[in-house]
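Engineer: Each chain, letter by letter, is given below.
There are 2 protein chains.
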Amino acid sequence: MSTHQNKQFSESESDLLSEIMAARRDVRGNRFLAEALDPDDVDKIFVAALMAPSVGFSQPWEFVSITQADTRQQIADSFFVENEKAKALFRAGNYQAGQLEKYEQLKLEGIIEAPLNVAVFYNPQKGPVLGQTSMPEMGRYSVVCAVQNMWLKARSLNIGIGWVSILDPEKVKHILHAPQDRELIAYLCIGKVDKFYDQPELEMLQWQQRKKAEQVILTERFDT
Amino acid sequence: MSTHQNKQFSESESDLLSEIMAARRDVRGNRFLAEALDPDDVDKIFVAALMAPSVGFSQPWEFVSITQADTRQQIADSFFVENEKAKALFRAGNYQAGQLEKYEQLKLEGIIEAPLNVAVFYNPQKGPVLGQTSMPEMGRYSVVCAVQNMWLKARSLNIGIGWVSILDPEKVKHILHAPQDRELIAYLCIGKVDKFYDQPELEMLQWQQRKKAEQVILTERFDT
Chain A
1 MSTHQNKQFS ESESDLLSEI MAARRDVRGN RFLAEALDPD DVDKIFVAAL
51 MAPSVGFSQP WEFVSITQAD TRQQIADSFF VENEKAKALF RAGNYQAGQL
101 EKYEQLKLEG IIEAPLNVAV FYNPQKGPVL GQTSMPEMGR YSVVCAVQNM
151 WLKARSLNIG IGWVSILDPE KVKHILHAPQ DRELIAYLCI GKVDKFYDQP
201 ELEMLQWQQR KKAEQVILTE RFDT
Chain B
1 MSTHQNKQFS ESESDLLSEI MAARRDVRGN RFLAEALDPD DVDKIFVAAL
51 MAPSVGFSQP WEFVSITQAD TRQQIADSFF VENEKAKALF RAGNYQAGQL
101 EKYEQLKLEG IIEAPLNVAV FYNPQKGPVL GQTSMPEMGR YSVVCAVQNM
151 WLKARSLNIG IGWVSILDPE KVKHILHAPQ DRELIAYLCI GKVDKFYDQP
201 ELEMLQWQQR KKAEQVILTE RFDT
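In order, the protein sequence lines correspond to chains A and B.
Oh and the first sequence: position 219 is 219 in this note's numbering, straight run, nothing missing.
Oh and the second sequence: position 183 is 183 in this note's numbering, straight run, nothing missing.
Hint data in this document are derived by calculation from the structure and do not stem from the laboratory.
Treat the numbers as computed from the prediction; the structure is a model and nothing was measured.
Incorrect hints may have been included.
Identical copies carry no separate label here, and so any pair may be met within one copy or between two of them.
Cut-off 25 Å, straight-line C-alpha distance, at most; resulting in silico cross-link-like pairs (PhoX-like, lysine-lysine) [what the hints assert, rightly or not]:
| no. | residue 1 | residue 2 |
| --- | --- | --- |
| 1 | K126 | K102 |
| 2 | K126 | K212 |
| 3 | K173 | K85 |
| 4 | K7 | K171 |
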């Protein structure tokens with residue numbers, strides 16, 4: 001067995017990782033280019049997914065790679081229905097002036113524009129999973145770690161990913177003929193982009209303010 | 001506004017990211033060194049967390065940094081109780097011979113051994129969150145993305161992280177005086193290590209086999 005995994009990374013290597021993290025964006029349809037992805041790049045993104053940690057080494061993930069136009073149109077239809085429901089919620093809420101108008105102007109997905117969609121599922125294991133016996137959510141969280149690996153790997157390949165969550169998970173399962181026990185964790189739109197924004201789009205638009213470190217990092221316990 | 005986020009990464013830079021991902025391990029108490037972490041390194045790990053994607057830019061995370069011995073002992077006590085429950089489940093199950101014995105020999109946490117523990121919470125926002133209206137789990141998944149960023153950043157700094165999930169989340173909340181609406185997502189043990197294993201420990205021990213890409217990557221839909 002090789003010992004290369006025991007490698008010590010240098011400061012500049014660690015800095016590069018942070019640079020990739022900082023440059024990663026959630027990409028929507030207004031930034032995707034139609035050009036097809038290099039299959040080698042797609043393979044590399046999946047290899048990154050499979051290097052994610054998983055509870056009890058359960059690897060409870062399943063990825064459906066989607067390019068067919070009719071499937072994507074059906075998914076986009078679910079987005080449309082769910083987004084109308086979302087607008088109704090924002091309309092009903094007690095929001096600051098202009099918030100609903102801002103919401104309505106946002107492009108929130110790239111289902112049709114991106115050349116590749118990937119639906120990511122949780123495939124629960126029968127019987128107890130090591131590490132999941134007290135926290136049943138752990139299997140789902142392993143799948144999310146795989147998604148984050150894909151997102152970072154894609155960005156390092158100068159490829160954008162957008163995570164679409166304004167979808168009815170049961171409708172997506174139906175469209176993709178998923179077995180009943182599977183659970184949709186993420187729906188990803190993947191493609192080359194004309195540019196990556198410098199900041200998250202919702203930060204640029206002042207939809208929500210960036211929290212300061214001292215607001216979210218506490219010492220020893222909550223009330224000290 | 002600078003345009004450095006639009007940076008194109010090179011193939012060797014992308015390869016380095018994969019190398020960090022491949023070298024990341026779940027670290028337990030038998031590998032942690034007692035020596036304190038450099039505060040600059042801890043800061044860098046938190047900076048990585050805060051660069052994670054979050055649904056609707058909600059940044060619904062909260063991190064409690066724990067070094068006090070009595071707090072860690074209380075958390076370790078919860079691990080002990082939950083791990084006895086887990087063993088009972090593995091004992092009752094219909095497992096291959098030796099599985100329970102294997103389980104009992106595993107060191108599954110490093111709560112006391114690691115110089116730093118970090119409890120990671122989901123802090124739900126009041127009112128609808130953009131992108132979370134159809135999939136309420138999205139906020140929790142944002143917090144998991146932050147954990148995966150921390151894990152990768154730590155590895156690039158040659159620091160190990162172990163995610164302990166054999167804990168009663170309500171007990172952990174009580175120990176840390178967490179407000180009722182918070183939810184424990186992850187409990188991390190962080191520290192320098194004597195070595196990183198070449199493979200996941202559970203893979204080396206053949207607890208579970210590594211899945212092949214073709215088992216988990218499907219094309220267009222489930223039944224084609």
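Engineer: The structure should be examined with respect to each hint, and the outcome stated for every one.
Structural biologist: Do the hints match the structure? See the list:
1. K126 / K102: between (45 Å within a copy, 19 Å between copies)
2. K126 / K212: between (42 Å within a copy, 19 Å between copies)
3. K173 / K85: Classified as within; 20 Å inside a copy, 34 Å across copies.
4. K7 / K171: Intra 45 Å, inter 37 Å, cutoff 25 Å: neither.
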